[in-house]
Structures are given as C-alpha cells and as structure tokens.
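Asker: Residue numbers (our numbering): 65 to 163.
If you are wondering where the hints come from, they were derived from the structure by calculation, not from laboratory data. Ideal placement from N, C-alpha and C gives every residue a C-beta, glycine not left out. Be careful, since some hints might not be right.
[Stated by the list, open to error] Computed spacing ranges between beta-carbons, pair by pair:
1. L93 with A68: 29 to 37 Å
2. R147 with G95: 30 to 38 Å
3. A145 with P100: 20 to 28 Å
4. R98 with A142: 27 to 35 Å
5. K94 with P148: 27 to 35 Å
6. D152 with T117: 21 to 29 Å
7. R98 with K154: 24 to 32 Å
8. P80 with R123: 31 to 39 Å
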Amino acid sequence: MDDAPLCPLCLRPIPPDVPQSVHHLIPKLKGGARGPTVLMHRICHREIHATLTEAELARSYATPEALRAHPRLATFAAWVARRPPAFDSKVPGRRRGRR
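Sequences are here, hints too, so could you generate the full structure?
Answerer: Take a look at the structure:
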C-alpha cells in the first residue's frame with residue numbers, strides 16, 4: 065500500500081480495491097469539465113458535495129488545500145482519518161446544513 069495515492073482531503077492512502085471517485089476541482093457545470101481532477105475516497109467526495117454548492121466549489125474551494133481549510137470539511141477529514149482506508153459510509157446529503 066506504500067505506492068497507493070493519497071486522498072487530498074483526508075490524506076489516507078487510496079488502495080485500488082476501496083470505493084473511490086474522481087473529483088473535478090472546478091465543477092463541470094462551472095467550466096471545469098476539462099480541468100484538473102483528483103482521485104479521492106468516495107466518502108470524502110460525497111462529503112465535499114454534501115457541504116458545498118457547485119458555485120462555492122468553483123469560487124473558493126478549487127484546490128485540495130482550500131477544501132481541507134473549510135471548517136466542516138476539516139472536522140470531517142480529522143474524523144475519517146482515524147478510520148481504515150477502506151472505510152465507507154453513507155453521507156447524509158442536503159439534509160445537513162451547508163456552511
């Protein structure tokens with residue numbers, strides 16, 4: 065697992081057999097279809113989209129560093145970092161308050 069890529073949100077390794085997805089740093093709907101992408105754990109990717117709107121992502125959170133600096137995502141990343149790399153769980157979507 066030494067050569068597994070690191071998730072840019074939680075900084076855990078992403079083994080090839082765990083749920084993963086590709087995140088467009090600038091949302092496709094905001095002009096990022098051919099822009100930079102990062103490989104992430106699926107749970108981390110879902111948390112980003114449960115937390116931020118497409119406009120917020122495009123405007124203020126288009127880098128891994130900015131995502132990690134968001135207060136709710138920082139709390140989530142610290143929590144999920146204590147789980148094994150294969151950990152996956154449902155993330156409540158828009159029912160949670162954004163911000």
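Asker: All hints, please: hold or fail.
Answerer: Hint check results:
| no. | hint | result |
| --- | --- | --- |
| 1 | L93 with A68: 29 to 37 Å | holds, 30 Å |
| 2 | R147 with G95: 30 to 38 Å | holds, 34 Å |
| 3 | A145 with P100: 20 to 28 Å | holds, 23 Å |
| 4 | R98 with A142: 27 to 35 Å | holds, 33 Å |
| 5 | K94 with P148: 27 to 35 Å | holds, 34 Å |
| 6 | D152 with T117: 21 to 29 Å | holds, 24 Å |
| 7 | R98 with K154: 24 to 32 Å | holds, 31 Å |
| 8 | P80 with R123: 31 to 39 Å | holds, 33 Å |
In this structure, none of the earlier numbered hints is contradicted; all agree with it.
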